[in-house]
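If you read the protein sequences in the order shown, they are chains D and U.
Position in the first sequence counted from 1, then plus 1120, gives you our numbering.
Position in the second sequence counted from 1, then plus 1482, gives you our numbering.
Keep in mind that a hint or two might mislead.
[To be verified] Partial pick of chain D residues on the chain U-facing surface, computed with a CB cut under 10 Å:
no., residue
1, GLY1122
2, ALA1144
3, GLY1154
4, ARG1184
Simulated from the structure, these hints should not be mistaken for laboratory data.
For clarity, every value in this text was computed on a predicted model and none was experimentally measured.
For glycine and all other residues, C-beta sits at the position ideal for the given N, C-alpha and C.
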Amino acid sequence: MGLARWLTYALLCIIAWGTWGFVAKLGADKIAPGPLQILATAGTLPLALVAFLQLRMRLEKDGRGITYGILNGVLSGIGLLAYYAAVSRGKVSVVGSVTSLFPLLTVVLAFIFLRERLNRVQVVGVALSLVAIAIFSQ
Amino acid sequence: MKTAGTNSWFWYALVTVVAWGAVGLLQKLGTNRISSRSVLVWLFVGFAVLVPFLPFAQLWGLSPYLLFIGVLSGFLNALGSWFLFLSMESGAKASVAVPLTGLFPLITVLLGVSILRERPTALEWIGVCCALLGGILLSRESEAVGGS
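With the hints as extra help, turn the sequences into a complete structure.
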């Protein structure tokens, strides 16, 4: 009875992130990007702590893994600052869908640095993304 | 090319696309080496690295409601990542779960249109549909090649 567990979690992920995009708009309309990111960092702390406790307070000592992890946070944060700036200037329904194009760059970077090939579905995705970018850059 | 004006948001949104696109690559590289929970801990550390460069003084004077909204946004963002980890741990294939969770902007669009009463123009709707579908298709990796 009911949904597969992985699907339930995936749907909860969609709800959490989808609501995040909206709540960030409510914040960005009244708060400048800098202070908003300070507050968002505070909001991230409880789950980072839970993760840390579940790891029994032992993090892997893989230097490269750590570097990637921290860079991941710095770049995510920079992306968030730009998202707040964008969403405070436009409709969240439009800005939110444009920022969801980020896999375009991941695919391009993976092609360049990891030599991953694009499959046919991804090629269609690239084409649709470029149409969206063309429309919104007018 | 018009730059300033009504869609000045677009250039900021592109910065987000570039930064998060690079994050996607780092995640591919990072999760092969460290667990998803460690990634969340280091993500927080990365956020914390930025904090000293941000204007603390502007926090004074914000209403309790706005402080709550700001903290809630960070919490929801991390919570979404947490659910994605749990989904993967419960046996989801990355080639299915990642494009599926890429549907999240659909919820954002619905909330913007229903609660904020945003009314995108016809052309904007076409762009929204292309962007949503494009983002999902792009994350659909072949199982033999991608995923983790």
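Mind checking the CB of ALA1144(D) against every CB in chain U and telling me if the closest is under 10 Å?
-> 4 Å, holds
Hinted contact ARG1184(D) with chain U - closest CB pair below 10 Å | 6 Å, holds
Does the CB of GLY1122(D) sit less than 10 Å away from some CB of chain U?
-> Violated: closest Cβ of chain U sits about 13 Å from GLY1122(D), beyond 10 Å.
When the least beta-carbon distance from GLY1154(D) to chain U is tested against 10 Å, hint result | 4 Å, holds
Comparing the model with each numbered hint stated earlier shows that hint 1 is the single one that does not hold.
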